[in-house]
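Protein chains: 2
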Amino acid sequence: MKVEIITVGDEVIFGHIVDTNAAFLANAVYSLGAKVTRIISVGDDVAAISEVLREATSRADLIIVTGGLGSTPDDLTSQAAAQAFGRRFALHKGYLESIREKFQGWDLKFTPSSERQAMLPEGAQPLPNPIGICGFKLEEAGKTLFFLPGVPREVEKITEGVLLPFLRERIRGKEVIRASLLKIFGPTETGVKELLQDLEGDYELAYLPSFPEIHLRLVVRGADEADVEARKKRYEEGIRKKLGIHLFGKDDEVLEGVVGELLKEKGMTISVAESCTGGLVAHRITEIPGSSDYFLGGVVVYSNQAKEELLGVPRHILERFGPVSRQTAEFMARGVRRLNRTTLALATTGIAGPTGGTPETPVGRVFIALAAQDEVKVRKYDFFGDRHQIKLMASEVTLDMVRRYLLTL
Amino acid sequence: MKVEIITVGDEVIFGHIVDTNAAFLANAVYSLGAKVTRIISVGDDVAAISEVLREATSRADLIIVTGGLGSTPDDLTSQAAAQAFGRRFALHKGYLESIREKFQGWDLKFTPSSERQAMLPEGAQPLPNPIGICGFKLEEAGKTLFFLPGVPREVEKITEGVLLPFLRERIRGKEVIRASLLKIFGPTETGVKELLQDLEGDYELAYLPSFPEIHLRLVVRGADEADVEARKKRYEEGIRKKLGIHLFGKDDEVLEGVVGELLKEKGMTISVAESCTGGLVAHRITEIPGSSDYFLGGVVVYSNQAKEELLGVPRHILERFGPVSRQTAEFMARGVRRLNRTTLALATTGIAGPTGGTPETPVGRVFIALAAQDEVKVRKYDFFGDRHQIKLMASEVTLDMVRRYLLTL
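Just so you know, the sequences run in chain order A and B.
Under our numbering, the first residue of the first sequence is numbered 7, with each subsequent residue one higher.
Under our numbering, the first residue of the second sequence is numbered 7, with each subsequent residue one higher.
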């Protein structure tokens, strides 16, 4: 099955936004084993849209279109679809009714411009959209076209709810493809390749750099679902064995979520004291639903005074070794652990730049500490990059440090 | 002048990466006043690449291609270009020599696979690439094709060094276009449209939703550069007047940076106490270089105990009104201000969800407080969305609250 993706919008072809919808849809299609052969973007122009719709329909079996379904005058995709396939462009009564109901439910005023969204090409079937209004399906010359809105969250919801089930149904009995995403932090890409060099089997492995992590896409193909699943499981286990502790997660798992699961499993709590990461470690930990079960609190201590008064870092330590030092990191971790009475505590102190570096303590120098009941580990790093990258890398190393520690308990 | 952009690579059409090259190139072309009419992505496949090359050359005046120029077997763009236009695919001696020299300069071993990159379609002119190897230009049927590598930094360098000068030369004497991005937080998109409805003039205005902000792209065209610049300035001022305090920044400015500038201007310092935003406000503030001049510290208080012990929120307040209340927010802001001895302090407390909501205090309910020397303002909000969106929206409102406050001083 050949699939083409069309994204509509001046904001895309003028480069005002990066087209994340196309990547999301392509990845969703790919993960089921269907093949995207082309992605096309055009502007808000009826003639241009209808031209690419006709061309794509002549080449592909499934065409997924996003964008241009809203209520403003530059939303022209429905009209272009009617024109492309010589269909009447008319008000869809049932669709209009469902839009009206949604507006009522959301307590929004229904206006004539909202009514415009119910104008569809004849024969179009509205798609369920749990969090928005638009979306429809069209059959043309034995091909199927899905028209989705341009809002990424709505694209995701409709893809999950309608598009993926449709694809699964269509490709049943054909080649079976199963893919998984393996997430690694620690070694470089070259290091990962060396660790995996002896791995044998009939699979594809793609390296997807995802700073500061490395993501590996494992793809297994075959005729029989059970066989493909079994092989995929075997290869995953093989990779897991070779990469060991460096492999931290799979598919939707994120590092901060893995850390959270481990903390819950061990019945432990955690707190953080941040200088150079400026709140990013706490922010990442608290992105996970339910993190309040194990995350008790954090402090962002940018000044020496706060390090001293809030965390009890002794003044002579700050004066003798400086705020960016092994000793200060250790006292920060101990201090925040005591303050929040947590099982574990983390601390970061360093120079995120671009200014503030010295020959002895250059930009990128970061000390990271992990405090437990009876020990404190401190590590020294020299990171590269701009302020944002140094903060991100330091937060990643901090979370990974506690992950590795928890795995040894 | 019509421009099409072609990006080549399985990693793009399989959705393994987001196509930032296309957006970068489209924006560069647009900023000079030329118009991108189509963006196409295809995989690493000679037939598919040569098909889109032929099609694009039949429609557009300038075709910019990225990707598929490297030294691995799946780099097929040069070969496809030769095939598309019936040209010999041969070793370019001068190009080979320059590659050899680069390898020497970089202290890299020159291998047969490196030699492969010097195979070009007959008539191709190599492009200077200061930080990499490949890139060439081709003239075909009066049209120009630029072939660039896929590495974003190399795309940027060649665009600056070669592509933009070429475009400027071509469109000299033609239309001048100037654009700016205006950033708004506060009103809805409909609200912004209403505020701007009486604005007159010869300009284009595009709405680019950028949750939770609204970004407006203002575009002014004309024959004369000075006139276009003057009109752009006039329209910007007109918009600024209509939107007033809702307009917070322009082009590269970000809300946390604007807040930082205002704090520096007034010689003030700030600290934050975060519950539901979990460190995001501090993280955003500290993304700005030099923020240590005005940001003294923050605390993330997830537990009642931390709110009480660290910030001095009285237990009877927590018990009577609950941790998510106007009273608790007020005590948190006062407490963190006292703790860090800052001019101003911010506090957030709320339910980020997805669990933890009650009929009285639903998911999305957030109290935000701003404490100054002699007053504390507290506002109550009900935000929609998932955990991430609620955190993001709450952090935005918090930063915007202090921005608006600073502008009244």
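Source of the hints: derived by calculation from the structure; they are not laboratory data.
Each hint should be verified, as a subset may be incorrect.
Unchecked claim - Computed Cβ-Cβ distance ranges for the label pairs, DEER-style:
1) A/251 to B/251: 48 to 56 Å
2) A/211 to B/251: 49 to 57 Å
3) B/118 to A/129: 50 to 58 Å
4) B/99 to A/328: 55 to 63 Å
5) B/166 to A/110: 49 to 57 Å
6) B/78 to A/332: 41 to 49 Å
7) B/113 to A/366: 27 to 35 Å
8) A/195 to B/118: 18 to 26 Å
9) A/321 to B/116: 32 to 40 Å
10) B/177 to A/204: 52 to 60 Å
11) B/260 to A/332: 30 to 38 Å
12) A/67 to B/118: 36 to 44 Å
13) B/296 to A/390: 19 to 27 Å
To be verified - Computed footprint of chain A on chain B, listed as stretches where at least three residues anywhere in the stretch have a Cβ under 8 Å from a Cβ of chain A:
14) 17-23
15) 37-45
16) 278-287
For every residue, glycine included, the Cβ atom is placed at its ideal position computed from N, Cα and C.
Here is what the structure says about each hint:
no., hint, result
1, A/251 to B/251: 48 to 56 Å, "holds, 52 Å"
2, A/211 to B/251: 49 to 57 Å, "holds, 53 Å"
3, B/118 to A/129: 50 to 58 Å, "holds, 57 Å"
4, B/99 to A/328: 55 to 63 Å, "holds, 58 Å"
5, B/166 to A/110: 49 to 57 Å, "holds, 53 Å"
6, B/78 to A/332: 41 to 49 Å, "holds, 43 Å"
7, B/113 to A/366: 27 to 35 Å, "holds, 30 Å"
8, A/195 to B/118: 18 to 26 Å, "holds, 23 Å"
9, A/321 to B/116: 32 to 40 Å, "violated, 58 Å"
10, B/177 to A/204: 52 to 60 Å, "holds, 56 Å"
11, B/260 to A/332: 30 to 38 Å, "holds, 34 Å"
12, A/67 to B/118: 36 to 44 Å, "holds, 41 Å"
13, B/296 to A/390: 19 to 27 Å, "holds, 20 Å"
14, 17-23, "holds (count 7)"
15, 37-45, "holds (count 4)"
16, 278-287, "holds (count 7)"
In summary, the one numbered hint that this structure violates is 9.
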